[in-house]
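Chemist: Chain by chain, the residues:
Number of protein chains: 2
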Amino acid sequence: MQTDPDKRPEFDDLVAALELGGEALAPFLQEVHAADLANWAPDLSEEQLGAALNGLDTEGRSELLKFAEDAVREEVLALLTIDQIVEVVQEMPADEVVDLLALTDDDRSERVLRSVDFERAQGLRKLARYDEETAGGLMTVDFLSVTDDVHVGDVIKDLRSEEGPAADEGGVFVVDPEGKPIGHVSDRDLLMTPIHTPIRDVMESGLITVGVNDDQEDVAQLVRKYSFAAVPVVDFSGALIGVISAEDAQEVLQEEAEEDILRLVGTSPEVQQTRLPVLTRVRHRLPLQALTVLGGLATARLLGTALPGAEDATVGTDVLRYLPIIIGLAGNVGIQASTILVRAFATGEVAPDRQRSVLASEVLVGFIISLICGAVTMAIATVSESQLPDPLHFGASVGVAIVVAVTWAAFLGSVVPMLCQRWGIDPAIVAGPFLVTLSDVSGAAIFVGVTTLSLGVGV
Amino acid sequence: MQTDPDKRPEFDDLVAALELGGEALAPFLQEVHAADLANWAPDLSEEQLGAALNGLDTEGRSELLKFAEDAVREEVLALLTIDQIVEVVQEMPADEVVDLLALTDDDRSERVLRSVDFERAQGLRKLARYDEETAGGLMTVDFLSVTDDVHVGDVIKDLRSEEGPAADEGGVFVVDPEGKPIGHVSDRDLLMTPIHTPIRDVMESGLITVGVNDDQEDVAQLVRKYSFAAVPVVDFSGALIGVISAEDAQEVLQEEAEEDILRLVGTSPEVQQTRLPVLTRVRHRLPLQALTVLGGLATARLLGTALPGAEDATVGTDVLRYLPIIIGLAGNVGIQASTILVRAFATGEVAPDRQRSVLASEVLVGFIISLICGAVTMAIATVSESQLPDPLHFGASVGVAIVVAVTWAAFLGSVVPMLCQRWGIDPAIVAGPFLVTLSDVSGAAIFVGVTTLSLGVGV
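Line order of the protein sequences matches chains A and B. According to the numbering used here, the residues represented by the first sequence are 1 to 459, in order. According to the numbering used here, the residues represented by the second sequence are 1 to 459, in order.
Check before you lean on any hint, since a few could be wrong.
In this list, chains with the same sequence are indistinguishable; a pair is considered to hold if it fits within one copy or across any two.
[As the list claims (entries may be wrong)] In silico EDC-like cross-links for lysine to aspartate or glutamate, where the CA-CA straight-line distance does not exceed 16 Å:
1) K180 to D218
2) K225 to D36
3) K225 to E251
4) K180 to D390
5) K225 to E349
6) K225 to D201
7) K180 to D353
8) K225 to E133
Derived by calculation from the structure, the hints in this document are not laboratory data. These numbers were taken from a predicted model, which means no experiment stands behind them.
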């Protein structure tokens with residue numbers, strides 16, 4: 001993307017610099033953007049990450065923590081000493097510090113708090129008490145507020161004299177004598193207005209405020225709806241106690257959209273799904289499959305007892321009653337894989353060099369799920385179809401069909417979006433409807449194939 | 001949300017003010033936030049909207065257009081005179097003007113361009129030539145750039161003397177003598193730094209730039225990854241020609257996420273789905289259903305010819321081969337309704353007072369889809385199951401089962417998220433897996449019920 005993209009360092013350059021170590025490392029790390037470092041961190045060994053942290057200064061560590069996912073943050077915190085964490089914490093806005101300390105154990109976090117400035121520690125403890133999902137959990141308390149009798153020049157002077165990290169770019173709030181927010185001035189307005197102008201002549205009034213216990217999603221929706229640069233958070237008395245920036249609000253909405261997508265396809269709403277361990281992914285997705293198996297078994301039962309002509313059924317048509325389970329499971333696993341990949345492409349989580357390993361791990365996830373669901377279905381079918389001449393053989397056929405069809409669906413669900421991506425087709429268009437149909441038909445074909453091979457002779 | 005929420009005007013207040021008209025209207029409209037007005041606009045009659053526009057001044061109209069959806073913008077543009085549009089256009093940044101003029105016909109847009117300042121018109125024409133989906137289509141050209149030999153005070157002076165709308169809050173880019181961007185200074189840094197400081201001592205260097213023809217999604221991903229406040233857009237020679245703000249980039253990502261969700265469930269990626277006419281919604285969702293019907297018919301055929309024991313099938317078990325179509329269609333329609341609602345709640349598109357009408361329209365959409373798919377399936381089943389004693393009766397039973405099951409699924413898909421919302425449960429968790437299973441089992445039950453009633457006697 002840069003004018004000269006060849007010059008931007010890549011992961012391999014980091015690994016090379018880490019191997020050289022010593023003098024080569026620090027200047028290299030100076031060059032690298034913290035966001036890139038945070039992106040590469042999951043693929044580093046603990047030793048490599050430790051070496052990289054040693055090569056960074058406090059600001060570099062604080063930047064890395066700012067951009068990193070929680071899993072990386074935990075690792076970094078474990079590798080830093082208490083003193084190093086204290087240094088890092090001085091560089092960060094209070095709300096980020098609270099989020100960070102929540103990732104380390106109580107003992108270490110307590111030791112950090114005891115080492116920072118008393119007043120700040122008190123503020124941090126207070127902030128940590130707000131529910132993470134509320135305005136209080138999202139707001140920063142590092143902001144400047146002024147009364148409406150000052151002039152623009154006074155505000156600029158105040159800004160310059162403020163110590164520590166102030167809320168970036170969010171402008172300044174104007175409060176009345178009781179501390180209630182009555183107006184807002186953007187940084188640009190402060191720049192554009194002669195310094196002798198009274199602040200009340202520049203400020204935008206008619207503020208919309210949010211309560212400290214309001215749900216963070218409602219707040220984020222509000223910020224988006226009205227395009228606020230920052231929204232004031234008030235306590236029960238209406239006094240200004242925090243500020244939520246547009247950036248933080250947008251982040252909430254973005255996360256919420258990602259989480260909704262993942263929940264809708266029945267997996268955990270954690271970000272970076274493709275980086276989770278295979279067994280964690282299996283565990284997250286099993287509840288939906290359990291529901292599908294239960295629903296499918298109920299359907300099979302219903303069809304067996306209620307359908308006209310059921311009493312004349314052959315083994316072949318008995319097997320048909322288990323088709324909904326197979327189609328359902330294959331559909332779930334396929335749509336989960338494809339949805340996760342579509343979004344992983346959109347967010348840049350899966351770069352081209354990770355595609356092969358992601359494909360392998362998704363197929364493995366599907367295979368393990370299919371083994372579990374196949375075994376359960378086989379057991380129940382064997383017991384409940386006792387009217388058949390060889391119920392175990394019957395159950396085993398259904399089980400094997402599930403394993404083959406579901407693993408195949410996981411493969412399709414991963415490969416189709418990858419091919420779309422490579423061929424320049426929007427994967428979301430193809431991954432949804434087309435994939436579901438493909439998975440249904442091929443699931444049925446596999447089912448027919450397996451049961452014909454297994455039960456066909458002698459029926 | 002406001003400290004005193006009772007004071008904030010609502011839709012009914014707008015309608016009342018519009019009825020009073022004249023003197024009461026203008027002060028009321030002064031009070032209302034343009035975002036609220038934009039949100040209410042789709043529910044106003046053309047006459048009411050015209051009256052509201054007459055009550056607004058140019059700034060108010062420009063703000064309304066900024067916040068409104070494209071459908072509302074089109075309506076507003078049709079109601080304004082060319083002169084009024086020209087006035088409005090003077091208030092807006094160039095990129096928004098281009099997007100706006102794209103919504104009106106070429107003739108009117110040409111007349112507007114001929115009435116604005118020549119240089120600006122030239123800039124607008126140039127901007128309009130970039131593909132909407134590229135960095136060029138997203139960037140604004142109203143920005144300030146300075147060379148690196150000036151001081152902070154000079155930059156502030158330049159900012160104050162700039163005429164017309166400058167890019168808000170995005171800071172200032174520093175360019176070399178060839179116009180290539182070499183650094184960036186935020187508004188806050190300008191405020192915090194003594195005015196005699198050379199700009200090169202304040203600026204952040206090591207910029208990442210994007211090309212004017214780069215895909216807007218790649219650009220937005222970049223802005224998000226590195227948390228840029230603004231990103232410089234360069235032409236083929238590397239010279240700075242535009243700026244993309246973090247807000248615009250975030251908007252792209254947000255839209256992309258919404259579109260992916262809608263595409264994955266097989267409907268059109270248009271925003272505000274619940275506000276589209278019923279027949280438009282049916283048309284958007286039919287392709288997926290057609291795929292499902294085709295896939296289901298292929299499956300029915302496959303099961304009929306290949307399954308062991310197929311030659312001994314009864315009418316009851318023959319009917320079973322059509323179950324995948326029904327489960328598939330009901331699943332699609334249900335998941336489409338629930339997904340659209342889950343997101344509509346999350347974005348505030350469906351407020352409580354619209355729930356009933358949205359429910360009714362979603363069920364109607366499902367019913368129309370079920371009629372079409374039911375009729376097609378009935379026709380094909382009647383022809384292809386000619387070995388049966390009464391193929392028409394058979395086909396009709398399958399068709400009726402489709403209509404009942406799919407309409408029911410549309411009802412479930414709308415009602416379940418609404419109840420979740422009311423009971424404070426996250427609708428996304430329940431709407432996905434739970435709903436699919438519920439829809440599968442109840443689809444099968446409806447299928448059994450209908451076919452038993454219809455075919456049960458005399459089989």
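Chemist: All hints are to be evaluated individually against the structure, with a verdict given for each.
Modeler: Hint check:
1. K180 to D218: neither (21 Å within a copy, 42 Å between copies)
2. K225 to D36: between (32 Å within a copy, 8 Å between copies)
3. K225 to E251: both (14 Å within a copy, 12 Å between copies)
4. K180 to D390: Neither. Shortest intra-copy (78 Å) and inter-copy (79 Å) distances fail the 16 Å Cα cut-off.
5. K225 to E349: Cα proximity of K225 and E349: across copies only (10 Å, versus 28 Å in one copy).
6. K225 to D201: neither (26 Å within a copy, 38 Å between copies)
7. K180 to D353: neither (53 Å within a copy, 32 Å between copies)
8. K225 to E133: So K225 and E133 fail the 16 Å test inside a copy (19 Å) and across (23 Å) alike.
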